[in-house]
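Listed here are the chains, written in short residue letters.
Number of protein chains: 2
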Amino acid sequence: MPEMQMPTARTRVVREPDRAVYDREAVYQILDEGFLCHVGFVADGQPFVIPTSYGREGASLYLHGSAASRMLRQMREGVPVCITVTLLDGLLLVRSVFNHSMNYRSVVILGKAALVEDPKEKLAGLRALSEHILPGRWDQARQPSERELKVTSVLRVPIEEFSAKVRTGPPVDDADDYSFPTWAGVIPLEMKAGAPIDDQRLEPGRAVPEYVKNYSRKG
Amino acid sequence: MPEMQMPTARTRVVREPDRAVYDREAVYQILDEGFLCHVGFVADGQPFVIPTSYGREGASLYLHGSAASRMLRQMREGVPVCITVTLLDGLLLVRSVFNHSMNYRSVVILGKAALVEDPKEKLAGLRALSEHILPGRWDQARQPSERELKVTSVLRVPIEEFSAKVRTGPPVDDADDYSFPTWAGVIPLEMKAGAPIDDQRLEPGRAVPEYVKNYSRKG
Chain S
1 MPEMQMPTAR TRVVREPDRA VYDREAVYQI LDEGFLCHVG FVADGQPFVI PTSYGREGAS
61 LYLHGSAASR MLRQMREGVP VCITVTLLDG LLLVRSVFNH SMNYRSVVIL GKAALVEDPK
121 EKLAGLRALS EHILPGRWDQ ARQPSERELK VTSVLRVPIE EFSAKVRTGP PVDDADDYSF
181 PTWAGVIPLE MKAGAPIDDQ RLEPGRAVPE YVKNYSRKG
Chain H
1 MPEMQMPTAR TRVVREPDRA VYDREAVYQI LDEGFLCHVG FVADGQPFVI PTSYGREGAS
61 LYLHGSAASR MLRQMREGVP VCITVTLLDG LLLVRSVFNH SMNYRSVVIL GKAALVEDPK
121 EKLAGLRALS EHILPGRWDQ ARQPSERELK VTSVLRVPIE EFSAKVRTGP PVDDADDYSF
181 PTWAGVIPLE MKAGAPIDDQ RLEPGRAVPE YVKNYSRKG
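Those protein sequences? They're chains S and H, same order as listed. If you're matching positions, the first sequence starts at 1 in my numbering and goes up one per residue. If you're matching positions, the second sequence starts at 1 in my numbering and goes up one per residue.
No wet-lab data here; the hints were simulated from the structure.
Since the list can't tell identical chains apart, any single copy or any two copies may satisfy a pair.
In silico EDC-like cross-links for lysine to aspartate or glutamate, where the CA-CA straight-line distance does not exceed 16 angstroms: (1) K165 x E25; (2) K192 x D89; (3) K120 x E146; (4) K218 x E190; (5) K122 x E146; (6) K122 x E148; (7) K120 x E148.
Here chain S stands alone, though its shape is the one from the complex (with noise of 0.2 angstroms):
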């Protein structure tokens, strides 16, 4: 498939344009240490925005739900989607209220899905989904059954037409400000995992696998 130039009209950032990246690459990077994506879709007029679950496989988003969900019904015929992925990593505090901001990532793709038919690319598709949140599971669980499957449905949206936002590095006032008698710098944000508990029937001399003990979104 041709690839589109980046950015389309849709995609370029307008605003703080030295903050925008359309490297497929660095996009990567972004939907890969996130899991948790925003849809976008329209109803009657009505635009719905959707936390879910993805995985990604090369140039494909993989997303799954419910055969019976709205959001899946909807999007499988073909209704233009948007799909967002946003990485926090920062509050910036400065002199002015006005220069306050926000160090972060965050990716958007417009596009469509399909309904994934063919059954092994569906497979790999939940495979994709359930490896990029927690690598290392889906070998270590109770594999799908065909029951499981026919309620299951999985949509694929290409990697298209994308770009992404970046905010990073340190905060910045305006030159006059930097006199103003207050404390100014970064608090970190990071999305990070505690300690695993137990499931309460867990059967006894069952260990926390390492995959679980050193779980981190940081590549």
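Position chain H against the provided structure of chain S, taking the given hints into account.
Coordinates of chain H only, in the frame set by chain S:
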């Protein structure tokens, strides 16, 4: 203003209705723990989903941004928007791939945004945004100038038509799966603040304030 009966047909939770929350106070609690929302709006038939911060003041959500921003210019035309706030609380690992899940709390608000024109409400909206993200900061920073207020737009979205979806508690497996030989339990997830980092140009002797030192989103 007479209160809308919740849920409406558009905000009723269809999938997993036992996870639905329509109680206003419970929804406020979720909104108050978060400060990042994803705003959905439609332009030329294409949905867009953009991350931005928000503040809450009673039954109003305030958003802000550059008066030149594409999103804000769209929104202040009174187009329908969807504002979604999602808090991730944990990964649920069970025996079957199929029953893996997450604990989360999410709020969806449908409505229309209005540009705040009254200077007093505009300043109050900006203060609400600032105090929502970082309580105590507003009074410690240099106040907005006339010029800064002019290039900033503030929008108000009424919290009228909304619903929340909440998944909490331990993981659940099918009865037959409990003997499957794998670890099961919860990986708790939380947006956490790291140690504050002084701005490189901080004047000597400016200590990190309490509201920065103990920054946490938990109420």
